[in-house]
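Sequences listed follow chains A and B, in order.
Taking the numbering used here, the leading residue of the first sequence gets 1, the next gets one more, and so forth.
Taking the numbering used here, the leading residue of the second sequence gets 1, the next gets one more, and so forth.
Hints were generated in silico from the structure; no laboratory data involved.
Glycine residues also receive a C-beta, built at the ideal position from the N, C-alpha and C atoms.
Any given hint might turn out to be false.
Said to hold, decoys possible - Cβ pair distances, simulated, as ranges: (1) A393(A) to E308(B): 33 to 41 Å; (2) P161(B) to P72(A): 38 to 46 Å; (3) H109(B) to A388(A): 22 to 30 Å; (4) G68(B) to G385(A): 40 to 48 Å.
2 protein chains.
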Amino acid sequence: MGDEGESSPWKSTTGKASQKKTYQPAGFEPRRKTGLEEVNPRVREIQPPKGDMLLRRAEEIRAELQQGVKKPYKEVIDISQDDFHSAGMKPFSFVRQVIAACLHPELLHSGKLPADVCQRAQRLLKECDGDSVGSYSDSCGIPHVQRTVAEFITRRDGGLPSFPKDIFISSGSQRALMVVLRLLAQGEGMSQTGVLTPVPTCYTFPMVLTEVGAVMVPYQLCEEQGWALQVDELRRVLQASRGHCDPRVLYVINPGNPTGHVQSRKSIEDVIRLAAEERLFLLANEVYQDTVHGEGVEFVSYKRVLFEMGPQYSDTVQLASFNSISNGIGEGGLRAGYVELLNIDPAVALFAEMLLCTDICAPVTGQIALAIMADPPWPGDPSYGQYAEEVQASQETLIRNVRRVEEVLSALPGVSCQPAMGGVNVFPRLYLPAGAVEQAKEAGVEADQLYCKRLLEEVGLCVGPGCESGQREGIHHMRLHVKVPAEVMEEALGRLRTFHLRFMSEFS
Amino acid sequence: MGDEGESSPWKSTTGKASQKKTYQPAGFEPRRKTGLEEVNPRVREIQPPKGDMLLRRAEEIRAELQQGVKKPYKEVIDISQDDFHSAGMKPFSFVRQVIAACLHPELLHSGKLPADVCQRAQRLLKECDGDSVGSYSDSCGIPHVQRTVAEFITRRDGGLPSFPKDIFISSGSQRALMVVLRLLAQGEGMSQTGVLTPVPTCYTFPMVLTEVGAVMVPYQLCEEQGWALQVDELRRVLQASRGHCDPRVLYVINPGNPTGHVQSRKSIEDVIRLAAEERLFLLANEVYQDTVHGEGVEFVSYKRVLFEMGPQYSDTVQLASFNSISNGIGEGGLRAGYVELLNIDPAVALFAEMLLCTDICAPVTGQIALAIMADPPWPGDPSYGQYAEEVQASQETLIRNVRRVEEVLSALPGVSCQPAMGGVNVFPRLYLPAGAVEQAKEAGVEADQLYCKRLLEEVGLCVGPGCESGQREGIHHMRLHVKVPAEVMEEALGRLRTFHLRFMSEFS
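Using the sequences and the accompanying hints, generate a full structural model.
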């Protein structure tokens, strides 16, 4: 490759569009079709994430390697996305055994599955219409799964009750996020719903905002303080955005994505106080609640803090808290998540239900995985030993990788990295040489895109460019997903080190 | 029950909203929350299907029966929805075995599964990132599944090629429909996108239209001619709607839902000619393509007819054709479907991809089911015999039920039924007595709602009221789902007969 001409991934953002043409008998001039100008203008504004071109290029490189093209590496390593299994992490056996038995109940009598797997599968099948995972469920989910999730939340929050009616099950947390945002988004111009959004943020969030027709009101997280959320910054952007839009929604991600920051109880209290004062609807993305790994650091839910602040807050602040199986048990491909809606007018909640209804329902296999995540094997159960071991091994790998990434990066010139306390990413800063920044400018891309592109081409490592997650102008980062097998992490770090030293010296 | 007061299902449309209240310490007055007036006005317009109250009441009755309340029946039979497994139909073993093996690959070595199941599972796992169904797939689906679907379509259409790039896999055909409609919907007032929609129609379609912000332009199917689509009626409503909206999209359902009509090649040609003349974007809901059961009647796809009409049409008419596993193999709970987009500008198709991307991807277990539907066991494969038997048994049940329904209904006074040729529903007409119509009017409901409500209360049979699917004013129908086990159908017909005779004599 190396050709930066017409086929350059900088220029091609299309993907499918660039593939083989539709069947057309020769000799006929196609007439005008629905052009872009006839596409919903809101849809037309959706921008693909900035890392897409890297992913497409990674696919091309994989194809080239398969075709025998010589490269200095045998395979591409992709640590740009939160996809545990894709990177080689193993599923939890209990989850898979139960779903397999639900799908093919003959297995229940095969003698091949532990007793608690069979009991659980039978229990869950009874909760499916017609005892089959092939039936539709209620739009908001199987009532038993809603109850199981509510019990999970109640345990998590030290007994503070959660009610099944507040649990809306969807095909993933992002889908739930979109449902709530679609509910709230309205207006145009000055009256258009504004959503205060952390920067850096989960890189698919801007697409979601554009699709629902809300305005992003970015607030900067403080890198120097380990990517802490600062309420003063929230106040500042809130003030500044009024007159441009109607900032009614505050989006927080805790533990942070991609920052790895974990909010303290005090910080959450401050946010809730602001939300109460300013009547902001709080969206708390808490999908990493089970992956806190900083020493002495603990996850506290927004809901718990809200209710412990007393009725002045717990009766008034509207909160939507999101969680999913993608991160909880690493089963993103099964697609299930939920949102707990608190302090929502029942008439409003009804519309959330109707929006979910247009999806029919979340996949039942995903809902079963969610039920297991919320109610895993307990001590004394036949499967408990193996389940606990698998969870611990997965957590140990994560902790080990985070430490190793920090060790390796801290020894590199031109890199600094805030310690990550939770989540599955790190987001180190890159101090790129002026020459590289200049070159990127000429190519019309961000300097971290240039860096990541060359990292991919030269050593076959795919990481997320900082600009995709968002960052202050002129500052650069990269995003590394770290919940991968230890040997993959080592190989990735080795390649990163080799490339980085070469890149820095090239421009020195 | 019998109380038609405050708790009457006529008045309560809420569902969840009517459940237990959120946790609130006593003694505090809740302050104002986001009220309905702050909800996205487009969302606020969404109306739940008219049969929802019946479904909720059916659930209540089930609960009452469990609590020991005496009724003239032991259980509720629900034949109001297209949910095969919920009604007791069995899944196809090969589908379930393969997905179970993909989920829990240890089964591959258990000696419990046929060789072709193991081979298929291994093949499909290789196509999943990290060899796991827990990984995300591309937004448009696993490329191998796109290819398999394209090959299926090519075979179906006598060799007319289908290309993987045109196949967009989603979590169900309704989701795909919504993506295409969201792409096309725009404007307000006279410029708002109008969608020509058959009446009667699939009862969730109006919700979808409202959510995407398009206007429904209803066209009547001709009951007297077996619910045929008439191009003159299309022309009439097209004309009449101009000036009120911008009718750019024509939605057809073939085989018909809930009518059971199957379009002839000639009828499809007429529709395509109109679409070409009037530059209409064609949406063809073809989810019942595998359930044609009328003697001598055959399914022909819109795509095939379009391409056989020559380049004047095949190069110009924009067509989206939908299909799904929900009807194809009765696995609605697994959630997967696809749309094939033809004659779409690549730049426009790219936005379809981005809309799917905001969902992340369709559930991988569903995608695997779709791959199997598109490429079932073939003669000579170890599983072929069983698969063919199961498919045949399922088809025979359907044909038998359709015949039995027609027999029973034709012997009842005040009922007429057009013979169904395809699909899984029948939509008989009810000639209800003036007294019943009057009573319904007083209760503020349609007469077929009253009929269905009493049918449910008195004999425990839940069917869809005609007004939910749409019908001419003053005319009444009911919708019966007929892909259920033969014994369920017999029991349902017995109950229907008993009730109907009583109801008619009550008002005579």
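Outcome of the hint check:
In this structure the hint that A393(A) and E308(B) lie 33 to 41 Å apart at CB is violated, the actual value being about 59 Å. The beta-carbon spacing between P161(B) and P72(A), approximately 39 Å, falls within the hinted interval of 38 to 46 Å. Evaluation of the 22 to 30 Å hint for H109(B) and A388(A) yields a pass: the beta carbon distance comes to about 25 Å. At about 42 Å, the beta-carbon gap between G68(B) and G385(A) stays in the expected band of 40 to 48 Å.
In terms of the numbered hints stated before, the structure departs from hint 1 and from no other.
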